[in-house]
Amino acid sequence: MNWTHETRSKSMNNHIHISTSTSAKSEFSPATMALVNEIIIRYPEGKHKSALIPLLHLAQNEFGGWLSPESMDYVASILKIAPVEVYEVATFYSMFNLQPVGKYMLEVCQTGPCGLNGADKIINYLKHKLNIDIGETSADGLFTLKTVECLASCGTAPMMQVGEHYYENLTPSSIDHLLKQWSNK
Amino acid sequence: MSKKLLLHNIDIPGIETIDIYRQHGGYSALEKAFSTFTPDQVTEQVKASGLRGRGGAGFPTGLKWTFLDRKSGKPIYLVCNADESEPGTFKDRYLLEKIPHLLIEGMIITAYAIGAHKAYIYMRGEFKWIFPILEKALAEAKAAGFLGENILNSGFSLDLYVHPGAGAYICGEETALLESLEGNRGNPRLKPPYFPAVMGLYNCPTLVNNVETLAAVVPIIQLGGEKYAEIGVGKSTGTKLISASGHINKPGVYEIELGLPVEEFIYSDDYCGGIKDGKQLKAVIAGGSSVPILPVDLILKTAAGTPRLMTYESLAEGGFITGTMLGSGGFIVYDETACIVRNLWTLARFYHHESCGQCSPCREGTGWMEKVLFRLEHGQGKMSDIDLLVDVAKKIEGKTICPLGEAAAWPVAAAIRHFRPEFEYHVTHRSEVMDINHNSISAMLVSA
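Heads up: the sequence lines are chains V and U, in that order.
Basically our numbering = 1-based index in the first sequence + 194.
Basically our numbering = 1-based index in the second sequence + 43.
Just so you know, the hints here were simulated from the structure itself, not pulled from any lab data.
Any given hint might turn out to be false.
As a list, the in silico EDC-like pairs of lysine to aspartate or glutamate whose alpha-carbon atoms are at most 16 angstroms apart [stated by the list, open to error]:
id, chain 1, residue 1, chain 2, residue 2
1, V, 274, U, 225
2, U, 293, V, 362
3, V, 243, U, 225
4, U, 46, U, 273
5, U, 325, U, 379
6, U, 171, V, 358
7, V, 315, V, 239
8, U, 117, V, 239
9, U, 438, U, 449
10, V, 241, U, 379
11, V, 241, V, 221
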């Protein structure tokens, strides 16, 4: 390993680039729109910008797992705020993907307690099995490998988040089982 | 076993539903508060309980409530800090997913005490599966008349909502949390003037409390503040949730009565169950990754030779020279094989990643600490790097808007204070260090 190379997939904010790709779909379904309106009224009148992060989550969910410039502009238009107000927020938070990602994004925790319990081995095992590096997506578009910082799962380390679920106490064989299951879906 | 006030019902099937929660005494504290106490009397009960903030700072909760500006004429907001992200800490998650009504009941009582009519639970966005659990519990509480207009015919009304974060440790700092809740980047605010009690959410008086703190209001009202204060030791009253992780036989969340000896917590089968694989204890981070690490001799006993207890005071005894902090109760245990340098490097990487970038000492300093630790850990370090790390840590501490600077600096300073020979070893045995790092990777590839 060359120590001069950064090992993290994403460093500080100056490493973040907004994609120039476009997403296929960029308008909420009527059901999501109803939810959007329900969320906005949770905040006092005139304070609708508070709904920005909840709406960006909905947009990322509905528009292919990432936020394209069009998706962000669309959210800006709903909240009647400037697009740049959306970009500056989207680039700050690690959960927002500003580039297309695979169908399954494997987010492996690498912080202290997970590190004590073999997170490095899990990350290397995934790299080897998927034949990709951290931050890359497999050729079939199924898997993106990402390292993340503490997910509050330290008692069940090592672990990773995939979509809505935490997969805890990971071992090479439990990873084999999961990858097989996702590959066959 | 120690007294349980928060987790005593946690394993009852269905306790996440309002019916089962109420069958086991749920919402009786709320009924008691509304029928027998004025709002100020609720605050008095919390003050009498001696409860201290369970998020990490340990500030007296009742006193914090009294700081709220009640005369401004502006609405008062209550915000629950459920952005649990301090490495080593996973206790709030446990309450949120297992017994959501406990938090909701505590929040309604708190809102009644401080006169808030709108409240938010700011929960870290990664807890995706917990959002539906909380939404369902909130709907149940509303249907039962505990939320909404005129709760229990008291004339008091409250709307309570869940709000997601999106991945940022800094949003656990209360002013950053409020920025984020307003739809902005999570940059902490300057204090003064932005004390949340006066200029908080939407520039209105705001109370921000941790999940466990708000949940603890329920047993305080049930027992009465004075009875609660009888539990624990001295100024460390009540019970505390401890998240135990690392090289132990039984990692998990434990509720302890404050005052439990650290040694009993580590070795008793009621708690951590001893060190994994029969190995020896090397060190402990007792209160989440930001507090100073202590070697085995100083975590089991103070420098004066008295048994170290799980209290705010005992863990802090000796200051930072020989002591640490109870913090969030994130209890990370290291066995004899753990590499202090490697683990510190992962923590330094964490703080660098999580620095919001607003203050130069933190933005730049966390980056330098990560880089220097990376090269030490990978056999490229120099002897002068060790003092360089101490120097950088000193130049961050106390020079930033929020405490993330200290949170990043303290672990570095403490690890070098107590384990300097291990850092020196990384410089004098470079090829061995490099071999170990390469071997761990190649061994893994062979097993694949």
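Verification of the supplied hints:
Restraint check: the Cα-Cα separation between residue 274/V and residue 225/U comes to about 15 angstroms, which is no more than 16 angstroms; the hinted pair holds. Between residue 293/U and residue 362/V, the direct Cα distance comes to roughly 15 angstroms. Compliance with the 16 angstroms bound is thereby established for this hinted pair. Taking the CA atoms of residue 243/V and residue 225/U, the gap is near 6 angstroms; set against the 16 angstroms cutoff, the hint holds. Taken as a hint, the residue 46/U and residue 273/U pair is honoured in the structure, with Cα atoms around 12 angstroms apart against an allowance of 16 angstroms.
Between residue 325/U and residue 379/U, the direct Cα distance comes to roughly 5 angstroms. Compliance with the 16 angstroms bound is thereby established for this hinted pair. A hinted pair counts as satisfied when its Cα atoms are at most 16 angstroms apart, and residue 171/U with residue 358/V qualifies at roughly 5 angstroms. Pair hint residue 315/V plus residue 239/V does not hold up; C-alpha atoms about 50 angstroms apart against a cutoff of 16 angstroms. Proposed proximity of residue 117/U and residue 239/V is supported: the alpha carbons are some 14 angstroms apart, at most 16 angstroms.
Between residue 438/U and residue 449/U the alpha-carbon distance is near 10 angstroms, which keeps this suggested pair within the 16 angstroms criterion. Among the hinted pairs, residue 241/V with residue 379/U is inconsistent with the structure: their alpha-carbon atoms are about 53 angstroms apart, more than 16 angstroms. Our distance criterion of 16 angstroms between C-alpha atoms is broken by residue 241/V and residue 221/V, whose separation comes to about 23 angstroms.
In this structure, the earlier hints numbered 7, 10, 11 are contradicted, and the remaining ones agree with it.
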